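Go ahead and model the full structure; you've got the sequences and the hints to work with.
Here are the chains, one letter per residue:
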Amino acid sequence: MAKIGVYVCHCGENVKGAVNIQEVLDFAKTLPEVVIAKDYQFMCSDPGQNLIKEDIKEGLIDRVVVAACTPRTHEPIFRKALEEAGLNKYFYEMANIRDQDSWAHWHDKLGATEKAKRLIASAVAKVKLAEPLEDRYQEAEKSVMVIGGGIAGIFAALDLAEMGLKVYLVEKQPSIGGNMAKLDKTFPTMDCSACILTPKMVEVGVHPNIELITYAEVEDVKGYVGNFEVTIRKKARYVDWEKCTGCGHCMTICPSKAPNEFNLGLNDRTAIYIEFPQAVPKKAVIDTDNCLYFKTLRKTGKVACKICEKGIPSKNIAGCPAEAIKFEDKDEFLTVKVGAVILATGFKVMEKHHFKEYSPNSPDVLTALEFERLISATGPTEGELRRPSDGKKPKSVAFISCVGSRDERFHTYCSKVCCMYMFKHAKILKEKYPDIDLYLFFIDVRTAGKDFEEFYVSTKQLGAKVIRGGRVSAVDIKPNGKLRIRAFDNDLCSPVEVDVDLVVLATAIEPGIDTEKLGRFFGASCGREGFLREVHTKLYPVDTASRGVFICGCVQGPKDIPESVSQAKAAAASAAATVMPGKIKFEAISAEVIRNKCSSCGVCVNLCPYNAIVLEEYQGIYKAKVEPALCGGCGTCASACPSKAIIFHGFTTEQILAQIEALTTY
Amino acid sequence: MGWEPKIVVIACNWCTYAAADLAGSLRYSYPPTAHIIRVPCSGRVEPEFIVKALINGADAVLIGGCHPGDCHYRSGNYKALRRFKLLKRVLEELGIEEERIRLEWISGSEAKKFAEVITELDAKIRELGPNPIKRGV
Numbered sequence: 001m002a003k004i005g006v007y008v009c010h011c012g013e014n015v016k017g018a019v020n021i022q023e024v025l026d027f028a029k030t031l032p033e034v035v036i037a038k039d040y041q042f043m044c045s046d047p048g049q050n051l052i053k054e055d056i057k058e059g060l061i062d063r064v065v066v067a068a069c070t071p072r073t074h075e076p077i078f079r080k081a082l083e084e085a086g087l088n089k090y091f092y093e094m095a096n097i098r099d100q101d102s103w104a105h106w107h108d109k110l111g112a113t114e115k116a117k118r119l120i121a122s123a124v125a126k127v128k129l130a131e132p133l134e135d136r137y138q139e140a141e142k143s144v145m146v147i148g149g150g151i152a153g154i155f156a157a158l159d160l161a162e163m164g165l166k167v168y169l170v171e172k173q174p175s176i177g178g179n180m181a182k183l184d185k186t187f188p189t190m191d192c193s194a195c196i197l198t199p200k201m202v203e204v205g206v207h208p209n210i211e212l213i214t215y216a217e218v219e220d221v222k223g224y225v226g227n228f229e230v231t232i233r234k235k236a237r238y239v240d241w242e243k244c245t246g247c248g249h250c251m252t253i254c255p256s257k258a259p260n261e262f263n264l265g266l267n268d269r270t271a272i273y274i275e276f277p278q279a280v281p282k283k284a285v286i287d288t289d290n291c292l293y294f295k296t297l298r299k300t301g302k303v304a305c306k307i308c309e310k311g312i313p314s315k316n317i318a319g320c321p322a323e324a325i326k327f328e329d330k331d332e333f334l335t336v337k338v339g340a341v342i343l344a345t346g347f348k349v350m351e352k353h354h355f356k357e358y359s360p361n362s363p364d365v366l367t368a369l370e371f372e373r374l375i376s377a378t379g380p381t382e383g384e385l386r387r388p389s390d391g392k393k394p395k396s397v398a399f400i401s402c403v404g405s406r407d408e409r410f411h412t413y414c415s416k417v418c419c420m421y422m423f424k425h426a427k428i429l430k431e432k433y434p435d436i437d438l439y440l441f442f443i444d445v446r447t448a449g450k451d452f453e454e455f456y457v458s459t460k461q462l463g464a465k466v467i468r469g470g471r472v473s474a475v476d477i478k479p480n481g482k483l484r485i486r487a488f489d490n491d492l493c494s495p496v497e498v499d500v501d502l503v504v505l506a507t508a509i510e511p512g513i514d515t516e517k518l519g520r521f522f523g524a525s526c527g528r529e530g531f532l533r534e535v536h537t538k539l540y541p542v543d544t545a546s547r548g549v550f551i552c553g554c555v556q557g558p559k560d561i562p563e564s565v566s567q568a569k570a571a572a573a574s575a576a577a578t579v580m581p582g583k584i585k586f587e588a589i590s591a592e593v594i595r596n597k598c599s600s601c602g603v604c605v606n607l608c609p610y611n612a613i614v615l616e617e618y619q620g621i622y623k624a625k626v627e628p629a630l631c632g633g634c635g636t637c638a639s640a641c642p643s644k645a646i647i648f649h650g651f652t653t654e655q656i657l658a659q660i661e662a663l664t665t666y
Numbered sequence: 001m002g003w004e005p006k007i008v009v010i011a012c013n014w015c016t017y018a019a020a021d022l023a024g025s026l027r028y029s030y031p032p033t034a035h036i037i038r039v040p041c042s043g044r045v046e047p048e049f050i051v052k053a054l055i056n057g058a059d060a061v062l063i064g065g066c067h068p069g070d071c072h073y074r075s076g077n078y079k080a081l082r083r084f085k086l087l088k089r090v091l092e093e094l095g096i097e098e099e100r101i102r103l104e105w106i107s108g109s110e111a112k113k114f115a116e117v118i119t120e121l122d123a124k125i126r127e128l129g130p131n132p133i134k135r136g137v
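So the protein lines, in turn, are chains W and A. Our numbering puts the first sequence at residues 1 to 666. Our numbering puts the second sequence at residues 1 to 137.
The hints are simulated quantities; they were obtained by calculation from the structure and are not laboratory data. As the structure is a computational prediction, the values presented were derived from the model and not from experiment. The beta-carbon is built from N, C-alpha and C at its ideal position, and this holds for glycine as well. Do not take every clue at face value.
Think about it this way: if two alpha-carbon atoms lie no more than 27 Å apart in a straight line, the pair counts; the simulated DSS-like pairs of lysine-lysine are [what the hints assert, rightly or not]:
(1) W:Lys597 <-> A:Lys52
(2) W:Lys623 <-> W:Lys80
(3) W:Lys257 <-> W:Lys330
(4) A:Lys88 <-> W:Lys644
(5) W:Lys644 <-> A:Lys113
(6) A:Lys85 <-> W:Lys109
(7) W:Lys109 <-> A:Lys124
Chain W is faced by these chain A residues, among others (derived, beta-carbon under 7 Å) [said to hold, decoys possible]:
(8) Val8
(9) Ala20
(10) Gly24
(11) Gly43
(12) Gly57
(13) Gly76
(14) Arg82
(15) Lys85
(16) Arg89
This is how it looks when you write it as structure tokens:
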């Protein structure tokens, strides 16, 4: 027979105010196998916990029910008390008589008291059937994979590497740097983006604990927290990176051209290229879609061009001085074992062609990121502002905010950084060209952030005109090449029209193309808008539904650089906390198959959302087996097993039936 | 005290149980006739649990889970839905009014919905009267 102790908490007045404690205690004493029923003002306080501990130590009780608040917050506290007193922590149940009783039924004292009794009876019935369980531990790889080499991935990787952990940083592009590398300056400090980013990129490149795997993508993921096996496809580079010195000679002789992605197509690059001058690693790759050698080889089977390799001997032009060209290169696959994963694959900006009302076909209507390249010192015009259509310096520029953001047609969310980078752009332009006319169109101005409002005010003082009044209705192309903006000005309470030379659209920040696919690989789910979703906005802001998989930066939602870096550091700390101890704890709440009862039907195998159940040969017959480390603890299998061969520890069928019995009896 | 409805709620830990906690902390009031049994996931609910509760005289059974697509365990709620639909058909055949068993998706933030569902269910049961199985006994 069990010896159950029931401890009723007053929670100050929180429970006592609605529940008649004495009546509940008297009732609890009448329940079968209850040997002690006590009350205390605050059961979770030290003296409260000591009441339980002493009764356990004196051998008076071997099962505990605390009737108090919610197990969702307090179960771990009391379980620990049991453990400290030498009792298995799973001999514990909680009756939620505060959150789900006294608080909700404050004005119905009688009802609250009756309900408290039944909830306690239910907990007693369950704990009576409790079994001692042990948490399980498994070895964890002391390494972390960071996917995405933008500012968030870079910081996460560096922090982890500094902690002494082995880090694999995987990046899709040939170089790390991400979107931040494309920015000219950064608000609100006006630091040059490259000046603050490139030293960090270099640090990543040389850090002994970081293995940089660029121009690579995730191909497959197996395993679970502590033991992920990630297969990476390193795309063929057609350049031997061991030999390539990044001199850039090949780019001066390659005859094939393609739009330069780094400059968002505002100019061309060669088919063999180094992504950008500050690239890390600074290595060349061949883009086979545009390379003359590969194009002709595919079409005719003949070799048309090998200039990058051999040069043009007749003109005395040499080929690659490092002899690094490798036309026969193939994709390489490598599998690495890591204990945790950080997803930091960032965002993409929405393209302008969605917005027919803003004349997207005009070369002088740019997205903000295109504009960023246009004014960047490393951009196609080396920082000189020139209209893409005619190469002339514009006398007036208009910026339009919330293009695709806060718009029911596209995205309901706010992209968060646009207001501020519009001011940044205005400031850069006004400082370079004080005579330029700037018109900034907003729905409303959002400058919540440290030093942001001051930045806004100082930009206005430079003479940039801020027009607030809802969405800009149209951008039309005039016969003289000017762009006419039609909008509404709230301050004037009237429609306004402005003719400008250049229009910049602050298009929405969107999830990257493969975000959902990547999430699926790792069991991390996407929210409504397609960004990866955190488990809890406040308490677990960088954790995903998949244990050991963390997120940071814009893959989680639009945010600025300081926020991305903060999140990256948080994700690094969380990932480190997961793998550092070298072992991972798995809750004892999990499913187990009783092989003798298993009829080998396999129903559970397909039902398991974690693929944790396999049919395994046992004494000549295939029987189901639950891999404990993979079991997520939902109990779906136990509910479905027609042979009742699956025990779901912690919530057994018998326990739940006993609870139902108790609730309906009393 | 006359007859009071008795409602058994089997709620998943992550959504509906959390919503009930939140309803308490926001001091939403609802009738004290509903009692939650906590399970990790609505996928843990065996049809037998519902049958057992009804046979034992519960006047209504409510299963609470996460919204489709939001299951903490990826897909347990879909399985709960499948089983629930089948069982409901069987119970109707046996003369149990369909209003007595209910499945609701109540997310952790939908405290108001939790309170409303319980209030509504309590009122409905008062209208229907005690569980016919119990009356028969």
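Taking the hints in turn, this is what the structure says about them:
1. W:Lys597 <-> A:Lys52: holds, 23 Å
2. W:Lys623 <-> W:Lys80: violated, 36 Å
3. W:Lys257 <-> W:Lys330: Given pair Lys257 (chain W), Lys330 (chain W) holds - Cα atoms ~23 Å apart, limit 27 Å.
4. A:Lys88 <-> W:Lys644: holds, 22 Å
5. W:Lys644 <-> A:Lys113: This hinted pair is violated, its Cα atoms lying about 35 Å apart.
6. A:Lys85 <-> W:Lys109: Violated: Lys85 (chain A) and Lys109 (chain W) sit about 37 Å apart, past 27 Å.
7. W:Lys109 <-> A:Lys124: Distance of about 23 Å is within 27 Å: holds.
8. Val8: holds, 6 Å
9. Ala20: holds, 5 Å
10. Gly24: holds, 4 Å
11. Gly43: With a closest approach of 3 Å, the Gly43 (chain A) hint holds.
12. Gly57: holds, 5 Å
13. Gly76: holds, 4 Å
14. Arg82: Result: violated, 10 Å to nearest chain W Cβ.
15. Lys85: The hint is violated - Lys85 (chain A) has no Cβ within 7 Å of chain W, the shortest such distance being about 15 Å.
16. Arg89: Violated, because the Cβ-Cβ distance from Arg89 (chain A) to chain W comes to roughly 18 Å (cut-off 7 Å).
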